[in-house]
Structures are given as structure tokens and as C-alpha cells.
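*Asks:* Residue-level listing of the chains:
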Amino acid sequence: MRIPCDSSSLISLSDNCLLRILENSKKKFVIPKRVKMEIFDAPFSTKRFKLRAIQINSYLKRGVIEVIDNPFIRDYAEKITDLANSLLDYNGDYIKIIHQGEAEVIACAKYLNEGTVVIDERTSRHLIEDTGLLKKYMESRTGLGLEMNGTAQKRLAKELGGISVIRSAEIFAYAYEKQLFPQYSSKGALEAGLYALKFSGCSITDEEIKDYIELLG
Amino acid sequence: MVLDMDDTRRLVDKYFAELIAYFENNQEMELRELSNRAIESAAIKQDKTLVDISIVAYALAKFMTKPHLFGSDQWGKFKQHILQELKKKKSLANILDAIIGDISGFDTNLGNYARDVIEKARIKQASRAYALGISLKRAGELTGASMSSLLDYVGATKIHDRPYTKTKSVVDRYKATKRALGE
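Taken in sequence, the protein lines are chains A and B.
Just so we're aligned: 211 in our numbering is position 211 of the first sequence, and the numbers increase by one with no gaps anywhere.
Each number in our numbering corresponds to the 1-based position in the second sequence with 1000 added.
Just so you know, these hints were derived from the structure itself, not from any lab.
Bear in mind the structure is a predicted one, so any value in this text is a computation, not a measurement.
Hints may contain errors.
With a straight-line Cα cutoff of 16 Å, these simulated EDC-like cross-link-like pairs (lysine to aspartate or glutamate) come out [to be verified]: (1) B:K1158 / A:E207; (2) B:K1168 / A:E207; (3) B:K1168 / A:E114; (4) A:K96 / B:D1047; (5) A:K96 / B:E1141; (6) A:K47 / B:D1047; (7) A:K50 / B:D1152; (8) B:K1168 / A:D206; (9) B:K1158 / A:D206; (10) B:K1168 / A:E129; (11) A:K47 / B:E1030; (12) A:K136 / B:D1161; (13) B:K1175 / A:D41; (14) A:K210 / B:D1161; (15) B:K1178 / A:D130; (16) B:K1175 / B:D1152; (17) B:K1168 / A:E177; (18) B:K1175 / A:D211.
Just a sample of chain A residues kept apart from chain B, beta carbon distances all over 10 Å, derived [what the hints assert, rightly or not]: (19) E23; (20) P43; (21) N70; (22) R74; (23) N113; (24) R141; (25) V165; (26) P182.
Beta carbons are placed, not taken as given, at the ideal position from N, Cα and C, and that holds for glycine.
Work the whole structure out from these sequences, hints included.
*Replies:* Put into C-alpha cells, the structure is as follows:
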């Protein structure tokens, strides 16, 4: 079983020295080529993020995270990008909601026949789990009345229906519950870890963090 | 959000005229507000020129809040140069491109931060676009902000606590996690 990961989750985990959790898992993790560009190739050429790129590369070299790339992934990602970017309409123009990179993570799941993806980013999660909520979210933030393209919505639901999204926060919560790291075994460490991931960009609400502390603390 | 003009071209021209007027009159708050309106329109209309107007307006407003830049001997010359560029009879895209380069150069010479004001503007406005609902990578693509910088910035905001963000209960998501990771 190989679980596709987005750059958003790998960056959040890496920023908090939590990529080790992936190494201790029984599963393998995969990324599409475009995600590798985001977590290694692009940051490697910067002073600000080069160290993180080097750290992530050690997980790539050891095979904890594998890169996959093939025509199916690219074609399917294009199909998902086209559907997502014709989902919401304002005054006759479709809003381009996602980038092909996000769709490639979803395409990896389809290619591997895997029911889970690891994504910290909010909009992709909305697309996979609740396009109606995405519309409400965008309307509430923009103040605009948007039209939902019912055909695209149905086709997306059909394509993405069986996929579950987990975030770096869930991976950390799992490591906490399984006591994979003795130093993170206190309730305080659970809260600290979840907030650290949130501050690194993971789209988890304060309310969800409280729920996790109640559930596992 | 102001999107009362259906025609993107007219919106671009309107915002560009505002950019010149506000900069000419040292209207920092108006420039900042223009920057926000322009990126919000750009996120919906997917227009690169609107993005550039937003970035330039943000950077120029930022300069005006920094006494070591705004009060420097070189400010007058810089301002005159930018106004001349803004009023050139060239395509707006070319004018804005050149000004973005000039702003970066000015900030690199006189600024105190390793991250120049244009890079900061790209990150800030990408974060605003993401807050409206478009994805992180799409926001980065639109503004030119890197994924790493953007995540770092977004994590320090309250974007992920906005209404309609939660799509599933923690109990359900954690069950899926346990199924995926080992049980």
C-alpha cells in the first residue's frame, strides 16, 4: 500500500522534524513528479529553504517517499483540473480553483487504486469531500453569488467519491496514539504538535485540535 | 469585493489609473486597499495584470511606511522615476514588469530585510487569494509566490479557522487515518 502525499503535508511535517513518522510507518508514501519539484528541486535552489530540501531528499533517497510519474497520472490530473476549474462560475466565467500539481496527487491515488491521500491544503480537500461547502466558502469570502456547474460537480463526485483525505495533523495524532515517539507521549505534546503543524500551514481548525485532544489526550 | 465591471480590461484600466493617482499623492492607505481589491479581482478573473497592479500597489504602500526609505534622499528621485514609468505609452504588462524590477532594486539597495518587498507582496497577496478559496498552488502560480514561503505565511494567519473550512468530523477523519496507516 502506497499513500500519495501533497507537498503541503510534507513541508508541514518537515518543518517540525516529524518526517520521521513516515519512516516508522508500515506504509510507503508516494509523490508525483510535480510535488518533488515543489519540495526538493525548487527549494534546493534557494538559500531560505535549501536545508529543508536536503532533509526531504534523504527520505527520497532511502525510499521512504517514492516519486511516481507516468502518462496516466498526467492525463488523469488534467481531467480533474479541467473539471475542478469548470465547477464554479461567476458571471459566465469559470474560476480556476486548482493547479495541476494538486490534481496529480489525486491522480496518483487513482493510479494506485488507493483510497487515501495526504493533503494539508484546504481547497483540494474541499474538492474531494464537499464541493457544496467549497461554493459556500468562496461565496462567504468573496461576497459574490457563484453558480455551480452541476455536470462538473456530479462528474467530480463520481471520480473522487471513494477518496479520504488525511492531513499531517492526522499522521501526528496517529504517531501520538501509537506512542511511536516516547518524547511526544504527553497530552501537552499532542496539542503542541497539532498547533505546530497548523502554524506550518496545515488546514486544521482550532476546534478540530480541541476535538483531537478530547479524543486522544 | 468589488467586481462591478464585467469587462476585465476596464477594471485593469481603472485600477491602473488609481495606482498612479494614489502614488502621486502619497496615499498609502488607498494604495494598500487598491492592492487588496486588485488581488481579489485577479483571483476571480485570473488576470496577470491585475496581480501585478496588486503587487506594485502593495510594495509602494509598504515603502511609504518605512522612514528609512520614504525619508531617504533617494526617495524623490525614485518616485519621479516610477511615475515616469507609469505614464509611459507602452503595454501595461511591460510597464508593470519594469516597475517590479525597479522596486526590487530600490529595496535591495536601501531595505533592511533579506526578503525583498516584491517577494513579500507576492506571498501576502497569494495568501489573500488562497483565503478567497482558490487552492494554494493556484494562488502561488497566480502571484509567483513559492509553495514553501506561502505555507509558512498562511500558517501564521487565521485563514484555516474561517467558517465552512471543516469538511468532516475529527472522529471520521481519524478512523480513515487508522485504516490507511495500519489498522
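*Asks:* Check the structure against each numbered hint from earlier and tell me which ones fail, lowest number first.
*Replies:* Hint check: 3, 6, 11, 13, 15, 16, 17, 20, 24, 25 fail, others pass.
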